[in-house]
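A.B. asks: So the chains spell out like this:
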Amino acid sequence: DAGITQSPRHKVTETGTPVTLRCHQTENHRYMYWYRQDPGHGLRLIHYSYGVKDTDKGEVSDGYSVSRSKTEDFLLTLESATSSQTSVYFCAISDRAETQYFGPGTRLLVL
Amino acid sequence: KQEVTQIPAALSVPEGENLVLNCSFTDSAIYNLQWFRQDPGKGLTSLLLIQSSQREQTSGRLNASLDKSSGRSTLYIAASQPGDSATYLCAVRSWSGNTPLVFGKGTRLSVIA
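These protein sequence lines are chains C and Z, in that order.
Counting with the numbering used here, you get residues 371 to 481 for the letters of the first sequence.
Counting with the numbering used here, you get residues 332 to 444 for the letters of the second sequence.
Keep in mind the hints are simulated off the structure, nothing from the lab.
Virtual Cβ for every residue (Gly too), placed ideally from N, Cα, C.
Any given hint could turn out to be false.
Stated by the list, open to error - Below are the EDC-like pairs computed for lysine to aspartate or glutamate, each with C-alpha atoms no more than 16 Å apart in a straight line:
{"#": "1", "chain 1": "Z", "residue 1": "K373", "chain 2": "C", "residue 2": "E397"}
{"#": "2", "chain 1": "Z", "residue 1": "K436", "chain 2": "C", "residue 2": "E397"}
{"#": "3", "chain 1": "Z", "residue 1": "K332", "chain 2": "C", "residue 2": "E397"}
{"#": "4", "chain 1": "C", "residue 1": "K440", "chain 2": "C", "residue 2": "E397"}
Unchecked claim - Looking from chain C toward chain Z, a few residues come up when the C-beta cut is under 7 Å (computed):
{"#": "5", "residue": "G421"}
{"#": "6", "residue": "T469"}
{"#": "7", "residue": "P474"}
The following block holds chain Z by itself, in its conformation from the complex:
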């Protein structure tokens, strides 16, 4: 059974700092991996989708990497801003493709001005 872990559960950084959020998964036979952002009281917003054949994806100040062999993904946020404060979740879809996403419990990020 696939399990997804995100450490740390919470992180506080000063504005302007570059930071890395970590995601690990137990079964490396994945189809793709997706990073989401969730603001308090809101739904999840998709940030980046990485296919199993890809090593990384970029969107603005966000860069997500994938290392299937080690069962790890990282979300890099450059020049953090207070508006980046949110919970970030990663989720993996297994190789069969049509299976639902398995989610980590998220990292709650606070960027202090």
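Bound-form chain C, shown alone:
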């Protein structure tokens, strides 16, 4: 398995609070991605990174920001969490346009 970890794995927070999810890889892959997965919507891309400090928006980026200061870490921040951001969040990595590997996911509940 590709070396991808996500932290925390589970989180419960309140509406209006900031939340940061971390993705860490040990594969030295250039590309990193954040997705959310919801029933009926499947996997939707939030943001992705194609290098240190290089990021771009995905399909559902509103309310989310990201940062990548090191190759191995990609942070997803919910500036002010809302109930609609309750979801399972997955990080993924890939080397150029080849096989994409996923992390174990973070379950976020916003009350």
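Since chain C is already given, all that's left is putting chain Z on it; use the hints.
C.D. replies: Just chain Z now, kept in the frame of chain C:
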């Protein structure tokens, strides 16, 4: 905009049956296509990657085919087992190569012993 569709959304088969999962995409200018498996409450596991120049890829009891001109891929599972029960997703990457994968919503497979 690329769209990926997987039909049916759910499928139930008896153990031992050979089965085919379908994936269709609207833009045939793809770089590659990837099949994933997702078990309940888990992340996605990559099963097979097919490059646009390839027609099929095989791994054990799994065989994935690609027909770019018709915008279709199939995942063939031979001699299905209860352990194959999972959701199977396909995803395509557009020809520019550096674009993110676009996912279908998956087919939920149940193999009944």
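A.B. asks: Would you mind marking each hint as holding or not holding in the structure?
C.D. replies: Against the structure, the hints come out as follows:
1. Z:K373 - C:E397: violated (20 Å)
2. Z:K436 - C:E397: violated (28 Å)
3. Z:K332 - C:E397: Violated, at roughly 31 Å.
4. C:K440 - C:E397: holds (13 Å)
5. G421: violated (11 Å)
6. T469: Constraint on T469 of chain C satisfied, holds at 5 Å.
7. P474: holds (5 Å)
Of the numbered hints listed earlier, those contradicted by the structure are 1, 2, 3, 5.
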